[in-house]
Amino acid sequence: MIRNTTLTVPTRGKGLYPFTRNAEDWLSKQNLTGGLLTAFLQHTSCSLVIQENADPDVTLDLRDFFERLVPEKAAGFRHTAEGPDDMTSHIRSTLTHTSLSIPVISGEMALGTWQGLYVFEHRSRPHQRRVVLQLMGE
Amino acid sequence: MIRNTTLTVPTRGKGLYPFTRNAEDWLSKQNLTGGLLTAFLQHTSCSLVIQENADPDVTLDLRDFFERLVPEKAAGFRHTAEGPDDMTSHIRSTLTHTSLSIPVISGEMALGTWQGLYVFEHRSRPHQRRVVLQLMGE
Amino acid sequence: MIRNTTLTVPTRGKGLYPFTRNAEDWLSKQNLTGGLLTAFLQHTSCSLVIQENADPDVTLDLRDFFERLVPEKAAGFRHTAEGPDDMTSHIRSTLTHTSLSIPVISGEMALGTWQGLYVFEHRSRPHQRRVVLQLMGE
Chain G
532 MIRNTTLTVP TRGKGLYPFT RNAEDWLSKQ NLTGGLLTAF LQHTSCSLVI
582 QENADPDVTL DLRDFFERLV PEKAAGFRHT AEGPDDMTSH IRSTLTHTSL
632 SIPVISGEMA LGTWQGLYVF EHRSRPHQRR VVLQLMGE
Chain Y
532 MIRNTTLTVP TRGKGLYPFT RNAEDWLSKQ NLTGGLLTAF LQHTSCSLVI
582 QENADPDVTL DLRDFFERLV PEKAAGFRHT AEGPDDMTSH IRSTLTHTSL
632 SIPVISGEMA LGTWQGLYVF EHRSRPHQRR VVLQLMGE
Chain A
532 MIRNTTLTVP TRGKGLYPFT RNAEDWLSKQ NLTGGLLTAF LQHTSCSLVI
582 QENADPDVTL DLRDFFERLV PEKAAGFRHT AEGPDDMTSH IRSTLTHTSL
632 SIPVISGEMA LGTWQGLYVF EHRSRPHQRR VVLQLMGE
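Protein chains in written order, with our numbering: chain G, 532 to 669; chain Y, 532 to 669; chain A, 532 to 669.
For the record, the hints were derived by calculation from the structure and aren't laboratory data. Please read all numbers here as calculations on a predicted model, not as lab measurements. Backbone N, C-alpha and C fix where the C-beta goes; we use that ideal spot for every residue, glycine too. Among the clues, some could well be false.
So, partial list: chain G residues that the calculated Cβ filter (under 8 Å) puts toward chain A [as the list claims (entries may be wrong)]:
1) Leu538
2) Val540
3) Pro541
4) Thr542
5) Ile581
6) Asp592
7) Gly643
8) Gln646
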């Protein structure tokens, strides 16, 4: 059986936005016991990551590290028409993930104790980000 | 149902080579309405990325950024027998992706408007790169 | 059909630890001819990569590159309570992979000749790392 939905995750500037609970809520209504959950982000200037969900400082340190790794003040980008945070966003999304693949066992995502799902927003302005969830299983 | 094929993507030096249309062509012949498309690259010195397909400058800026992030002139690589662009290629491929997972809905990849599929070649010489496509669905 | 197992990969400090053979051994007992193998790591301070399995120097150069790319001596992390190698581990895992998706064809992973599966340990102390393997197929 295959089920699909699309979550909309609102973002308000650079940083990590959790959607684990949204995915769990949808998953719990599908009545499938096992299978594979794919989360697919339909954008190229933000990304998906699985990271620690316990200490919010982790997400702030992650955001700041990528600010330094892919600095907006770097010289020489060609693609600048959409602002200084656009080409850096494409690079940061390439360095992280557009899709996540998570086994579902006994009706639940097989996440480790400290793992949470996040949209990593790389742009400064607010956006509505679309995450396609697909569950394939039995 | 499960279908597999292997695309060959010719590359002519460092940069991004699109294969969205090749994947769409194959997909359209499978007569499956829904499922998961996995693209898997059988190499460790190039990679797969999903990135903006509108402005070609994005792919050039991406290529150049990785040239700076993982410089060939970096000191101290042990693995140098295959040339100065080999160990850097392994690192660049590790920082990007060997597989992509894309939901298929109503017979089409659920890509966002600006998303395209690319082989990111990290080596200088021409290569023939093999991308296994697998469609699992109904 | 869906099959799951969990591998435990012991690590002894930073570096890459192969588990290709463990995955092959389990796969060979499932009697499925085709499908998708998902490897999912239940941790946020180590990661999964597919890399060259021929020259062990590649894994050492990879380890050392990430040591320089995400240095422990970088200023200004907030998340420091678990030691200097913890926030860097979260970043290094974000820059690499938590899951791998590998087509299975004719009962075997469709890996390229030189591709191997690795747990990339980012912490200094020994750990027991859990990798969930899921095979979905026919």
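Against the structure, the hints:
no.	hint	verdict
1	Leu538	violated, 19 Å
2	Val540	violated, 18 Å
3	Pro541	violated, 22 Å
4	Thr542	violated, 17 Å
5	Ile581	holds, 5 Å
6	Asp592	holds, 5 Å
7	Gly643	holds, 3 Å
8	Gln646	holds, 6 Å
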